[in-house]
Amino acid sequence: MATPKSRPRDGYPGRALALILVATVGLVALMFGTGHKTPRLGIDLAGGTSITLTATSKDPAAINKASMDLAVGIIQQRVNGMGVSEAEVQTQGDKNIIVNIPDGGDQQTAIKQVGDTAKLYFRPVLTYAPSGQPTADPSASPSTAPSGSAAPSGAATPSPAASGAAATGATPSASASASKAGRAVSGALQADPTASASAPAASPSAAASPTAPVDPATPPADPAVAALQQQFAALDCSDAKQRQALNNNQADPTKPTVACSFKDEESGVKGQKVWNKFVLGPVALNGGDVAKASAGFDTQQAAGWQVQLSFTDAGSKAFAAVTGQLATQQSPANQFAIVLDGKVVSHPYVSQSITGGNAVISGNFGQEEAKGLANVLSFGALPLDFTKSDVTTVSPQLGGEQLKAGLIAGLIGMVLVVIYSLVYYRGLGLVSIAGLMVSAALTYAIMSLLGAGIGFALNLPAVCGAIVAIGITADSFIVYFERIRDEVREGAPLRPAVQRAWPRARRTILVSDFVSFLCAAVLYLVSVGKVQGFAFTLGLTTLLDVVVIFLFTKPLITLLARTKFFSSGHKWSGLDPKRLGARPPIRSSRRRGPAPSAPKEA
Amino acid sequence: MSRFGNIGHRLYQGEISFDFVGRRKLWYSISGVIVLVAAIGLAMGLHLGIEFKGGSVYTVNKPGLSVSQAQDAANKITHDSTALVQKTDKGDVRIQVSSASEVDAETFTEQLAKDLGVPQNEVNAQVIGPSWGHEISQKALLGLVIFMVLVTIYLAVAFEWRMALAALVALIHDLLITIGVYALVGFEVTPGTVIGFLTILGYSLYDTVVVFDTVKENTRGIAKQNKRTYSEAANLGLNQTLVRSINTTVVALLPVAALLFIGGGLLGAGTLNDISLALFIGLAAGAYSSICVATPLLAQLKEATPEMKDLAKRVALRRAADAKAAAEQAGDTRAEDGEQDGDVPAGMVGQRNQPVGRARGKGRPSGKH
Chain A
1 MATPKSRPRD GYPGRALALI LVATVGLVAL MFGTGHKTPR LGIDLAGGTS
51 ITLTATSKDP AAINKASMDL AVGIIQQRVN GMGVSEAEVQ TQGDKNIIVN
101 IPDGGDQQTA IKQVGDTAKL YFRPVLTYAP SGQPTADPSA SPSTAPSGSA
151 APSGAATPSP AASGAAATGA TPSASASASK AGRAVSGALQ ADPTASASAP
201 AASPSAAASP TAPVDPATPP ADPAVAALQQ QFAALDCSDA KQRQALNNNQ
251 ADPTKPTVAC SFKDEESGVK GQKVWNKFVL GPVALNGGDV AKASAGFDTQ
301 QAAGWQVQLS FTDAGSKAFA AVTGQLATQQ SPANQFAIVL DGKVVSHPYV
351 SQSITGGNAV ISGNFGQEEA KGLANVLSFG ALPLDFTKSD VTTVSPQLGG
401 EQLKAGLIAG LIGMVLVVIY SLVYYRGLGL VSIAGLMVSA ALTYAIMSLL
451 GAGIGFALNL PAVCGAIVAI GITADSFIVY FERIRDEVRE GAPLRPAVQR
501 AWPRARRTIL VSDFVSFLCA AVLYLVSVGK VQGFAFTLGL TTLLDVVVIF
551 LFTKPLITLL ARTKFFSSGH KWSGLDPKRL GARPPIRSSR RRGPAPSAPK
601 EA
Chain B
1001 MSRFGNIGHR LYQGEISFDF VGRRKLWYSI SGVIVLVAAI GLAMGLHLGI
1051 EFKGGSVYTV NKPGLSVSQA QDAANKITHD STALVQKTDK GDVRIQVSSA
1101 SEVDAETFTE QLAKDLGVPQ NEVNAQVIGP SWGHEISQKA LLGLVIFMVL
1151 VTIYLAVAFE WRMALAALVA LIHDLLITIG VYALVGFEVT PGTVIGFLTI
1201 LGYSLYDTVV VFDTVKENTR GIAKQNKRTY SEAANLGLNQ TLVRSINTTV
1251 VALLPVAALL FIGGGLLGAG TLNDISLALF IGLAAGAYSS ICVATPLLAQ
1301 LKEATPEMKD LAKRVALRRA ADAKAAAEQA GDTRAEDGEQ DGDVPAGMVG
1351 QRNQPVGRAR GKGRPSGKH
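Protein sequences, first through last, are from chains A and B. Mapping of the first sequence onto the working numbering: residues 1 to 602, in sequence order. Mapping of the second sequence onto the working numbering: residues 1001 to 1369, in sequence order.
Some hints here could point you the wrong way.
To be verified - List of simulated lysine-lysine pairs, DSSO-like, C-alpha gap at most 30 Å:
(1) A:LYS65 with A:LYS255
(2) B:LYS1309 with B:LYS1324
(3) A:LYS388 with B:LYS1224
(4) A:LYS388 with B:LYS1324
(5) B:LYS1224 with B:LYS1114
(6) B:LYS1114 with B:LYS1062
(7) A:LYS255 with A:LYS317
(8) B:LYS1053 with B:LYS1309
(9) B:LYS1062 with B:LYS1076
(10) A:LYS343 with A:LYS404
(11) B:LYS1053 with A:LYS65
(12) B:LYS1313 with B:LYS1324
(13) A:LYS343 with A:LYS292
(14) B:LYS1062 with A:LYS388
(15) A:LYS388 with A:LYS292
(16) A:LYS404 with B:LYS1062
(17) A:LYS343 with A:LYS65
(18) A:LYS388 with B:LYS1076
In case anyone wonders, no lab produced these hints; they're calculated from the structure.
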């Protein structure tokens, strides 16, 4: 009909067939070649824990893509830090984050930890010390201002307070008061047997941190303080496990705590890096008090990269008060630590009270670092909280059985469809079986490859989608077959019938597949959770249906129409004109009533 | 089998014909009653799964574990007796605890594992926030609305607005029926069910689109002739696609049925079952609605246009003329037939009024303008 005159009436079916067969074989070969022989299974099939976190916020604008992506990054870091391999963290919809933790890791801890919002705190530094580098050179020169770590000693004991890595704690400092700062610090001292005696502590300043709720009268023997000292002493920040343990043990914001630095920092020795450990005071400000943070290059003083902060109204006041306090302290108690998830991201020192709600954090930042810190601060500024909407723990055994049941159901469904089409369409039924098989092979190969490529994981709803798709694929065959049979009924010989049926069947198939695909696409884009996996499979198989019918079914039937078995209308071909009640040309005049002539007008 | 194939052929030729369009009042009343019942069911409320209420579900797989044992253990942990304990077909014990109980999942899992003497990782836990089900449904509803708008626009462009409207009505009809069945029977609505509902969208329209495609073909240039009205042409299209509709529905239902009875049967309640149950009901409703609701409605909408009214008049006139001519030729019995023509489906006209063929020449000049 619409076939251009320049080529054979029924086109070049061989080319299309060769194309799809090459594509199928190629995909399957790629699948085996890359070793991704099975689709990646979702948590509900493979076993493991799936946690859906939903962001909640009083300010809906705070839940945006940027903040969600940041949250994903932080959660990812956190989950992987827990020693879970191949954990998967991704956003879903506008305000959900899915965390999939495969079997094997410490799932109970993961469930506990993962939903806690990454919390950003500003805490005064009570003391700090390098950790895990006992060989650090004590005579290191100061390379960064705050890296000197003289420790004010508690209980008026004039104990030596410079820590190993940084004898630069040039300012002799001591705290005469029995404040908790002092007490905490005695822990630091115990942790630092290498401390040099050259820096006697002599800071007269009282109350290191006025925000400390700890009763100053408590003697150093206070079990909580003792515990803190012990903790600090025992802490080895170069040990990743210990750092995680700290992270897991999220500190009470109203109490002093110990912490490690976020990553290893420059030590006094040039090029040498150490982990630092801290004793931190109670939280002075939290991330919610930061209105905005950005990284910028300090052009005026060419001091390098820095992070500009602006606080909220309440934050400004609190910050002014805290910095005012800190400025009166001696190093290292004149620093405040920016603590994210229990780790000290940065610990700039304060030289004067910072009022006006703006602050600049400078240090030896590179561009990346400054930007990272600004990100962290901005994220902390967002009052994003996550609630666990859905936590599913599935043992692989149960998941495996669900998969098995799904596969059995799919197989039986397929067999039923095959039987039905064989009984009803006979020879043509074989074509539909071949088509289903090509479709199944393509679906399987693509799913396996997508698992490796974009992390597509086959979950139970997706299996359902694939099974439902058997029906969709078979539907297209039926539409085409019925069209051919209609043409045969009209009295057309098979070869022209196959060609004449195609444009009309093609339109019907395209229109209905488009509707199906539209449905899948809309669902995929809008929906969350299980619905998405289902929509993805449905969309994929609908697309494949179009590919298979165009490149496989149609060319195959065209070829078959050239065989004697089909073109002669063998009674097993499914195209037996007699069985279809075709009108033999001679009788056509008698038969041609107004009704049957209708399709011809089309 | 051959008889069935034969029916296909006779349907196609219009030798036998079911008057779907003509009996639209019957279908409308049937659908009206079903929708009404569904609405009553909806008013009674859906049986929402734990995803909508919040809470946790624990599945324990331990041979020989009885429901009462599990119930006792659960009661001990929650300190009340609100936990819902069921045995699944497969032998698992499912314990549902509402979010009202203050015990968190880890504690519950730990305790349960200890009390029942199973390893902790043999206890599957699902904890659901009360808003999760609503979140899923809300998103699904949003998706539904967006899809309906888009598909209506698409159908209006690809076909015409009346077809889009009829398809939309049929779609809503299917959804209402499916949800109504859920409400009446009291099946649990879970996110899986929501997925099932959503798939009905695609399928219901798929069916309708196949039928409308043929109807469109049959009615192309229909105003240029006077042999049949739009309704009759639509009905013929329906009959011609009837075998196809039945086949596609059967083929679509087979895997879903396998999923429902085998997948679900092996596992008891679960996502597989939820999706396939909703699909099964929806597919059946979809097949019915595309034939008995969408097309009759389309015909009704079309017949209201001046063009089609005009055509209907011309067809009636012509039939009267034909009948008169036939009566003159063949006697009184023919005349009666002619009068009934209006009610007789298109296919029958062709068969019964053989003389029409001969009268063609006479009819045409008056019919064409």
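Hints, verified against the model:
1. A:LYS65 with A:LYS255: violated, 34 Å
2. B:LYS1309 with B:LYS1324: It holds: about 22 Å lies between the C-alpha atoms, which stays within 30 Å.
3. A:LYS388 with B:LYS1224: Roughly 65 Å between the alpha carbons, so the hint for LYS388 (chain A) and LYS1224 (chain B) is violated.
4. A:LYS388 with B:LYS1324: violated, 79 Å
5. B:LYS1224 with B:LYS1114: violated, 82 Å
6. B:LYS1114 with B:LYS1062: holds, 13 Å
7. A:LYS255 with A:LYS317: holds, 21 Å
8. B:LYS1053 with B:LYS1309: Not satisfied, since the Cα-Cα distance of roughly 54 Å exceeds 30 Å.
9. B:LYS1062 with B:LYS1076: holds, 19 Å
10. A:LYS343 with A:LYS404: violated, 45 Å
11. B:LYS1053 with A:LYS65: Distance ~29 Å between LYS1053 (chain B) and LYS65 (chain A) Cα, so the pair holds.
12. B:LYS1313 with B:LYS1324: Within the cut-off at roughly 16 Å; holds.
13. A:LYS343 with A:LYS292: holds, 21 Å
14. B:LYS1062 with A:LYS388: Within the cut-off at roughly 28 Å; holds.
15. A:LYS388 with A:LYS292: holds, 27 Å
16. A:LYS404 with B:LYS1062: Holds, at about 19 Å.
17. A:LYS343 with A:LYS65: holds, 25 Å
18. A:LYS388 with B:LYS1076: With Cα atoms ~25 Å apart, LYS388 (chain A) and LYS1076 (chain B) stay inside 30 Å; holds.
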